[in-house]
Structure formats: structure tokens, C-alpha cells
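Residue strings, one per chain:
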Amino acid sequence: MPVVETEIQPLPAPSLRSGRLSHLQLLEAESIHILREVASEFERPVMLYSIGKDSSVMLRLAQKAFYPAPIPFPLLHIDTGFKFAEMLQFRDEYAKSIGAELLVWRNEPAIAAGTNPIVLDTKRCCGLLKTQALLDALRHYNFDAAFGGARRDEEKSRAKERIYSFRDSAGQWDPKNQRPELWNLYNARIHPGESIRVFPLSNWTEMDVWQYIHEEKIPVVDLYFARERPMYVRGDALLPIEQDFVRLPGEKPQMVKSRLRSLGCSPCTGAIRSDAETIPAIIAELISFRSSERAHRAIDHDQEGSMEIKKREGYF
Amino acid sequence: MGVAVDLENSKFDIGDFLAREREKDLLRFSTAGSVDDGKSTLIGRLLYDTQSVYDDHVRSIEGKGTAAPGQIDFALLTDGLRAEREQGITIDVAYRYFSTAHRKFIIADTPGHEQYTRNMATGASTADAAIVLIDASKGVLVQSRRHAYIASLLRVRHVLVAVNKMDLIGFDEAAFRTIEAEFSAVLDQIAADTRSPLERHFVPVSALAGDNVVHRSPSMPWYTGPSLLELLATLPSAQDTRSGPFRFPVQRVLRPDRSFRGFAGQIASGTIRPGDEVIVLPSNRSASVERIVSWDGDLDEAVAPLSVTLVLDRELDIGRGDLIATASAPATVARSLRAAVVWMDRRPLDLSRRYLLKHSSQTVPAYPASIDYRTDLATLARVPAQTLEMNDIGALTVNLRRPIALDLYGINRNTGAFILIDPETNATVAAGMVTAALSAVSTGIEDDSAAWGRVTAEEREARWGHRGGVLELSGPVALINAIERSLFAVGVVSSRIDLSEGPLERHPNLLEIIAGIQTRSGLLTLAAHTTESSKLNARIDGEQVSVNAEENARAITAVHQLLHRVGFFISSEKAAL
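Same order as they appear, the protein sequences are chains A and B.
Using the numbering used here, read the first sequence as starting at 1 and increasing by one per residue.
Using the numbering used here, read the second sequence as starting at 1 and increasing by one per residue.
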């Protein structure tokens, strides 16, 4: 498993007596409270595990929430068939090392039919391989609550998402009819067939996530770190060579020192040029960035409000 | 993102940066308003000027909305839903994040119109501070008053009054001072009504031009105070919950094997250390804390609001919903409560129906017994009401099927808050803030140690023939004296508090605290308000009578009948004069 090397050793935890708690301690306490509420109030919760940095933080919080008991729900990975091989290897090894139960679900009929973002457009590809697969998996296992690692700072419609996001029996989100959510009192009541998506990291920002990974020494996939990697270079865009169909006629990969800022499906996840080989370097780079982490994902830019539309249909 | 760092500055050091970052604290604040008063523009400006917006977000809105080509309509940075962008309004609560050198901020951004009162309450429920907007060109409108009232009702301590659009009135100081004086009076009135002291700060701003939002304004040299962001950066952060008595609602019992049994939860208030004596409510059993367990190792001390796991020194039957509290100041066990509520559902409150009350980590069937009043937010008058409709604010008396351990909301925002859920639709229909715990009863679980433990409410009731309560009396002093004497004559153990007493006027919370303690101790508190009126008003548990004060004997009888009606006496003989 890739082990994260940090050049700066975390400082000792701030002393409680010194006064106030840090923002990360407060965020951690809030997230753990949410994880425990869901585990206690739902019959069949599951944690959506996407292998990315947010999932990694969420998983560590789950370990903390129930320590010394094991995590009382399984992890579910929706595999589109286009995830990076490194991600899948990391997923299997890491789940095993922490003793978590891992479920993997793929929309096999759609994959067998050759669904990809070039044949279809990205919106329909996502609809089949992600949204449909997720809804099928939730129904198959009869899960009534599903944790997701989404954060409100990612995108405008996410900013309006509740921590407990109610979904009707078709798995859909109605943004204009959300349950009020006050204090830390979450309404877990649902009718049969309905479900709740739960976002324990709602109040975390991208910066918080990286700082926490740094402080807690949480292992993350090596793709986040800058390495010499073969890429198709198209203007400013760097496309990983993971899938053959991405290649244009006559196109040849070049070695570029680059990394991924968010981990998605390889055909739709662009890399960025970077020298950041450590978490502190990633954080330093983050500070200098002037564009959001999803800017390199083709799927969110199809049309104004495309994330809201996907969420209404049942996407995370 | 959201961190302004000058990378050109060669002194930037990532190690220093991380060390500073980990010391950052957190402040949550709410805003309410509409596009008309420039709320979205204000927030957009706050985000933009603290460099908390990504370039691709800015590019995606450049030249759109009401902005001229190449300019930015800041409101578009915050309106997230399609319907909002299309209609130019804010519908729902949105959360925004930014940070400065020493603090991270979470904004609960809410719409300000009357039909979104419930959203405002949602945003205020977790806020340490609230920004109330006033359009300088329009003066104090009912919307600003409503927002300040809700912030106060939900116990938001700091109110930042942003008098916006100063550019439209030529940055006129006199106009600002007039608004300041007028709204100060409104805030005084609100604080008196909600009994929640408000700390207020007035700032003249122009969100559109950026004056006094992040940077101080050169256009208003007469204003020498801090900008809005400077204020936010220096307010005391997260309400100090660690200093209160220890409260720990048990969320879950962790039992990985036979040797370990821990109680997982988030500390609602106070501090805990191994060896501390605790009491488990509502069953009233004592224990002491043996270990505070966390993934990062056992702790010597844990403070609110950390999430931890407690191991006690003895085997007790403890489950989800129980409250572990400090033995020296336990919470109140109540089967009936009075609360301020915000009604949030399209279906109005139905007094004949059963609801579910979710409080800390438990849910109990609840029966609304009476609507004590509804508050008219335009005038702050308390008016009688038959029901509460969506966005109404009122006071309710609720009976519970099982007793729960709670505190008054004015004392503890965590253990004094609840939501009501409609068991048919599963909708969250109301937010409640406990203002009185009406009848403290034990669960009836008895064990040998009870004879040696604290004197229970039942033991007091058995001896005195009545329970505790607060009887509010207003009328001529001679008649109140006569009522007090008549109650004394039938053996009621009472104490009298005159509301005009100095310390009570200065500390409106004090009465609630004293009355709470006395009620738990089984005493009848006579809260006396003397007037020259020819009417006598008496009220207890939300029931009230109003009688002619000239007819002394009838008035006294009416008060005794009232006490009888609300079940104050457990034996009927004493109710007879």
C-alpha cells in the first residue's frame, strides 16, 4: 500500500487546557456524532466508499466513532469499470488492512453494452454507470441510509444539501422540499422504500480534508501525488492513458510530472501539472490554486446546474 | 481555499502555515435577507474579498445576472438552486465557508421573507452570531425585526446589524445614527420578550462597493469602528459550553467484547475527568467515570463538544437516550414541558394529535396540551391562538409519554432543544426550545439505595400534597398578598418573587433559573407583577384566568380552581378553601 511520507511531523495535539478547540477538532466531533446517530437509528446503513480523499477521511472518522468496536456497517464501492487500477488495488488492500467489510457493485449490463463517455455523452454515461448502479445497489441490499463524502463547499447545489438528505422511493432529491435541520437533531424517520443519504463531511472544506489527512497520517492513493506519468496532452488538459478509447488518432502519450486533484473515472478526470510530492506540498499548491477541485471534471460542466440535475435523479 | 496567502512573498513557509492552521477556531454565523436588501451581494462580497471563491466559479457568473459585461453580480456566487437563479430569490438555507488568518467561518445563509421563517430558525440554531441586514434607503422594516427576533429566540448571542446601501444615501451619518437608535430600541424590546440578552454591533456598509465589509471604508470617515469581517474575526467563538454542568446524551453502547462496555456520545456541555461522579437519568443511578476512551488513546479530560466514549466503574443498565450528567448538578427529569416553538409544516398544529419529540438522542411520543400564545412578529405582541401554522412562533405546553432528562434552552442549547416529527408524514414539523419543565417525576424504578439518595420529587409531593410550579400573578398588590396568604393557609409550600426586584430586571434569565430550581424542589413559585389594574391575571402551565380584582373572594377562589385544574394538587382536600 502506498504510504504517505510527510516531511513535516505533526505537532503534538493542542492541549485542551490551553483553551479553545481547533476547527478540525470541532469538525471531527460533529462528524463522529453524525456517524453514531445513523448507525443507531437506521436498520441497514452503508458507507459509500469512493477511494478518494474525502472517503478516506470519512472512513477514518468511522473507525474513531466506534472504537474500540468495529465499524458496524459495510463499505460500498460503485465501480464504473473506469476507475484507475491503482485505485482498485488501494481499495482492496486498505479495506482488508482495517478489517472493513467491502461490497463492490457494477452496472454489469451497461458495462457489457460498451457504455463509455465517448459513445454516450458524459451525462448519460454517469447516469448509467454511477447513478443507476448506486440505486440498484441500494435496492439490492435494502440499505436505508447511505453515507457519502460530499462536502457543501464543492458546488453550489451541494451548499443547500442537508446532512440527512431525504430521498424518495426512487432515490430522488427534491431540493425545494427538504426537511428543516436544526441543532444536531436529525430526523431519521422514513417510510419503507425511502432512504436517507448522509453527509458527515458537510461542513468540511477541501483544505480541512487535506489538513486532517496530514495530521492523522491517513493513507491516500498515490495518484494524488506528483509523479512522472504518461499523459495525452491536449492544450492545457492532461488526460491519463488508462483507457484506450480516450486516444485520438495518431496521439502519443508524453511523460508529464502531474497528479490528480480529485479521483474519478479515468476518461473524465484530467490531471494537473504539479510538483507536489507530499501532503504539505499539496496543501501549499492548494493555497495557490484559483480554481475549484471539480474544474477538472468534465461531468460537472455540461450545463448550468448539472450537479443539481444529477442529484435530483439520485446521484450523490 | 479561502486562505489569503501571498505566494509572491518568499517568507511563506508551509510548516508555519500548517502550525497556524491547526490553531484556527471556528465561528458559525447566520444571515437572513433577500436580494432586495443586498444579502447575497454582502455574502458574495465577503467571500470574494477574502479570496474564498475559485476563479472558475467567478468566470462562470461573469457578466451574468444584473451585472454589466465584465462585472460580477456577487449574488450569483451564492444562489445555488436553479429556481433561485431563475427567480432571483433565495429559497433555502445554504452553507458557505471561508477563513481568515485565525478563524474558520461557516455561514448559514437564509432567505428573509416571512414564508421562510423556518429556514431562518434553522440557520440560527447553530449560529454563534447573526448578521441582520437593514437597507439604509428604506430604514427598519419588519423583515429585520423578524430576523433579530428569531436570532434572539434561538439564543444567538451576537447580533451584527449591517446597515447596507449606505452609498444610496450618500454615506450620511445622521441617517445611520437614526437607524441605529431606532433598531436599538427594537432589540431591547426583543431581548425583554425572549429573555435573551443580545450583544449588538452596528456597522454602516455598502456591500456593492465593498465599504466596511472586509476593508474599512474611506467614504465614511465618521465611522471609526471595525469592518464587518473584523468584528466576525474577534467575536468570542463557539458559545462556551465547556463551563456548564456536564451533560452527555448516550448515543450508543459500544460492546466489542465481554470485557468492554463503553457509552458513546458527544459532550453537550461541561468537562469530564476520570473519577468524576455522575448520575444516569432518568433512572437516577450513580456511578463514577473510570475511563474516557478515544481512538487517539485514553484522555485525562474531555470538554464539550468533543465526541468520546465513557466507561463507568460499575455495571448499570444504560442505553441510547439516557443522559449521563454530573452528580452535583443533574438535569431535570420532566414528563411535561413548556416551550417556545417555531412551526415548520404546511399542516398546522393539531392539539388532538400525537407527535414524536426528538430530544438529544431519544424520541418519545408527545401530546401538545395547550397553545399558550402566538407571537405576532410585526408587533411582538403575544396573542391567543387556536393553532400554529407554518412559520408561526408561539409557546406550547407538551406532555410526554415517558419522562426525559432536559435543561432549559436558555441554559443549555443542546439539552434544551427538541424537534417535533409528524409520525404519519415523518416531516419535521416544529423546532422547540424548553422554557419550563413542568412536572418532575421519577420513572418509578426503585432500588434500596433510593432511601439514602436525594429526596425525590415524589417524596416531596407525598409530604406537601402538591407538585412544584410557577404561578404568575399580575394585579393589585393587596390582592396578590391575599392570594399568597390563602395558599399558605391550605399548606402550599411557596415562595414569592416580585418581578420588579432590581437583580431580576437586570438579569432576565435569573427568574427562569430560580423558578426551575424551585419547581424541581416541589415549591410553588409566585411570580408577582403588581399593577394598578382592576383585573387580576393568574397563569400556570399555560392555563390562565382573568378576573375582576374588586371581588376579592371570587378572585382568590378562581386562582385555587386554576391550580386544581392544572393538576397542581395531588390530594383534592387542599384545593378547597
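Calculated directly from the structure, the hints in this document are not laboratory data.
As the structure is a prediction and not an experimental result, all values here were calculated from the model.
Note that CB positions come from ideal geometry on N, CA and C, so glycine has one too.
Hints should not be assumed to be uniformly reliable.
What the hints assert, rightly or not - Chain B residues, not near chain A, derived (Cβ > 12 Å throughout): (1) Asp13; (2) Asp36; (3) Ile106; (4) Ala121; (5) Ala185; (6) Ser227; (7) Ser237; (8) Ala264; (9) Asp345; (10) Gln386; (11) Arg401; (12) Glu424; (13) Ala431; (14) Arg460; (15) Glu551; (16) Gly567.
What the hints assert, rightly or not - Under the rule of at most 20 Å between Cα atoms (straight-line distance), these lysine to any residue pairs were calculated in the SDA-like manner: (17) Lys176/A <-> Thr425/B; (18) Lys24/B <-> Arg20/A; (19) Lys176/A <-> Gln115/B; (20) Lys64/A <-> Leu299/B; (21) Lys138/B <-> Lys64/A; (22) Lys24/B <-> Lys176/A; (23) Lys217/A <-> Leu24/A.
Evaluation of the provided hints:
Against the 12 Å criterion, Asp13/B falls within the reach of chain A, whose nearest CB is about 9 Å from its own CB. The beta carbon of Asp36/B is kept farther than 12 Å from every beta carbon of chain A, the shortest such distance being approximately 20 Å. Distance to chain A contradicts Ile106/B as a non-interface residue, since its nearest Cβ pair spans about 6 Å, not more than 12 Å. Listed as outside the interface, Ala121/B is inconsistent with that label: its C-beta sits roughly 7 Å from the nearest C-beta of chain A, within the 12 Å cut-off.
Chain A leaves Ala185/B outside its interface by the beta-carbon criterion, the shortest separation being 29 Å against a cut-off of 12 Å. Consistency note on Ser227/B: stated as away from chain A, and its beta-carbon is indeed over 12 Å from all of that chain's, at 22 Å minimum. The claim that Ser237/B is not at the interface with chain A is violated, since a C-beta of that chain comes within 12 Å of its own (minimum 6 Å). The claim that Ala264/B lies off the interface is violated: its Cβ sits roughly 6 Å from the closest Cβ of chain A, which falls inside the 12 Å cut-off.
Against chain A, the non-interface label of Asp345/B is violated: not every CB pair exceeds 12 Å, the least being about 9 Å. Every beta carbon of chain A lies more than 12 Å from that of Gln386/B, the smallest distance being close to 23 Å; the non-interface claim holds. Every C-beta of chain A lies more than 12 Å from that of Arg401/B, the closest at about 17 Å, which supports listing it as non-interface. With a least beta-carbon separation of about 10 Å from chain A, Glu424/B fails to lie farther than 12 Å from that chain, contradicting its non-interface assignment.
Listed as outside the interface, Ala431/B is inconsistent with that label: its C-beta sits roughly 5 Å from the nearest C-beta of chain A, within the 12 Å cut-off. Listed as a non-interface residue, Arg460/B keeps its Cβ farther than 12 Å from every Cβ of chain A; the least gap is roughly 32 Å. No Cβ of chain A comes within 12 Å of the Cβ of Glu551/B; the nearest lies about 47 Å off, and the non-interface call holds. The non-interface label for Gly567/B is consistent with chain A: the shortest C-beta to C-beta separation is roughly 29 Å, beyond 12 Å.
For the hint linking Lys176/A to Thr425/B, the alpha-carbon distance of about 17 Å falls within 20 Å, and the restraint holds. Taking the CA atoms of Lys24/B and Arg20/A, the gap is near 9 Å; set against the 20 Å cutoff, the hint holds. Between Lys176/A and Gln115/B the alpha-carbon distance is near 13 Å, which keeps this suggested pair within the 20 Å criterion. Of the supplied pair hints, the one linking Lys64/A and Leu299/B holds, its CA atoms being roughly 14 Å apart against a limit of 20 Å.
Among the hinted pairs, Lys138/B with Lys64/A is inconsistent with the structure: their alpha-carbon atoms are about 52 Å apart, more than 20 Å. Taking the CA atoms of Lys24/B and Lys176/A, the gap is near 35 Å; set against the 20 Å cutoff, the hint is violated. The hinted pair formed by Lys217/A and Leu24/A meets the criterion: a straight-line CA distance of about 14 Å does not exceed 20 Å.
The structure fails hints 1, 3, 4, 7, 8, 9, 12, 13, 21 and 22 (numbered hints given earlier, in ascending order).
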